[in-house]
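Let the sequences and hints guide you as you build the complete structure.
Protein chains in written order, with the UniProt record's numbering: chain V, 1 to 414; chain C, 1 to 148.
Note that these hints are calculated values from the structure, not bench results.
With a straight-line cut-off of 20 Å between C-alpha atoms, the simulated EDC-like cross-links for lysine to aspartate or glutamate are:
| id | chain 1 | residue 1 | chain 2 | residue 2 |
| --- | --- | --- | --- | --- |
| 1 | C | LYS38 | V | GLU383 |
| 2 | V | LYS125 | V | GLU183 |
| 3 | C | LYS24 | V | GLU386 |
Residues of chain C placed beyond 10 Å of chain V at every Cβ, according to the derived structure:
| id | residue |
| --- | --- |
| 4 | MET4 |
| 5 | TYR8 |
| 6 | GLY14 |
| 7 | THR56 |
| 8 | VAL81 |
For each residue, glycine too, the CB sits at the ideal point set by N, CA and C.
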Amino acid sequence: MTGGGNEAARAAERVARESYGRLVAFLAARTRDVAGAEDALAEAFASALKSWPADGVPANPDAWLLTVARRRQADAARRRHTRLAGEEHLKMMADEMDAAAQSPDDIPDRRLALMFTCAHPAIEKGMRTPLILQTILGLTAQDIAAAFLISPATMGQRLVRAKGRIKETGIPFAIPEKADLPERLEAVLDAIYAAYTKGWAEIGETGAPRLTEEAIWLGRLIVSLLPDEPEAKGMLALMLHAEARRGARRAPDGAYVPLEAQDTSLWDETLVAAAEALLHQANEAGPTGRYQIEAAIQSAHVARRMTGADTWPAILALYDHLYRITASPVVTLNRAVALAEAEGPAAALAAIEPLAADKRVADYQPYWAARGHLLAEVGKGAEAYEALTVALGLSADPAVRRYLQGRLATLQNG
Amino acid sequence: MRYMLMLYADEKVGTSIPADQMAKAMETMYAYHEALSKAGAFVATSALAPTWDSKTLHMEGGEVRQRDDGAFVNEGGELKVEDGPYVETREQLGGYFIIEAANMDEALKWAARCPAAQWGPIEVRPLVNTVDHFGKAWCATDGDVPVS
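Below, the structure is given as structure tokens:
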């Protein structure tokens, strides 16, 4: 028995990581009761932690957990439903339990359907990412709340409400038809990518790496579940490119290091290679979507920094293409930053002039930082100082703040 | 909707920081103020003097009663003035921002950008519309209040 408890706990943890979403998806597929499925699964995990240390870890932990969770679900249904409805419900569960018992190694993977349910248009846009993080990965409301900067209690309530919506409005628990797939897939990819960017930029360093890790895990999952979708690969490639540079984006003293100044020997070559391979596969399959283009832009940055090749014209062309798809002010801004490298800061300033009246960028930190940087380069020191001051005020990350304070000090003394 | 960001910090630590270092820290506070203004979210701000400069007024004894005309009065009590804050706490209210934000999530996002979030807690509270019985705002908290 010595160490058995630890081993069982580790096994449970491993199963939780690998199978949480798969089991929730399977348990909720017919009932559409995600919260009920999670409750049942939580009880099954609790039983596992009690019995596995004594009895040993079962040969097929997934099937074990599924059986226990199904029983709990059946008990709950019996308590909740009227006699008639309850019987129907129980029969449905019994059928599925039989099916699962006959092929315990082959629990159908319904995580993809669950992801489409969580990112359904009927679910409030801001809740899609938290919902996927909880139902597929089993992250707690507390973990998710920290990343989204709201209180755990509020996050908990919102998650419960969103799950209630799935049940009440009968959001289909299915992979959309071919015709609807691109649009609906975009919502799923956006939700996963949002998790990555949360972990990447918005919150300083605490807890953030965990979220980027989970997002990449989800990215790999969706690529494995939808191997024919180029955009899924494009998104994973984009995340891996960003992840490859993690070690280079902070100086040893914690200061922020912009892309052009990064030491490329600190980039993770394995991740870069994986991103490039994915992008290559995605481009072969076409058609080109937002994530593929963004990954291609990152790939062009890598090529420039690694080989010294002038990839700015290619980057500009990719941004033009991206703007035609998104019409986003963020794309205008990023294109202007590339334009500054290709044609100089004056051209870039002219390109962002229309953004000055755009309310959407009024509190967008990168806009003010880029504007200040460009103004300084054309020698408009006073205006540059003003814009960089606003950028400083919009930064929540102490490292970025320190970088901008350095820039401001240089402007003041120079 | 308007929100008050109440900035708490240990004032003893605050006053022990040398003036030049404090000026550096205040630069980030000034930048934050600028960012709020540019984004159209700024309403008001002020720093507060340390609590050892504060006085607290309180009624001792007596009983509070509402009169027929609606006013609340204390009968039998005596107003006293004491040195210092109402409650002694480890961290003290050192300043505030009043901001305009669409909702609590937005207000929290602004609070996270406040440099003071690095060294002390920030309490975020919605301001409540207060309208007198003629429907006139005597304490306007946002643009929706009817102003005659």
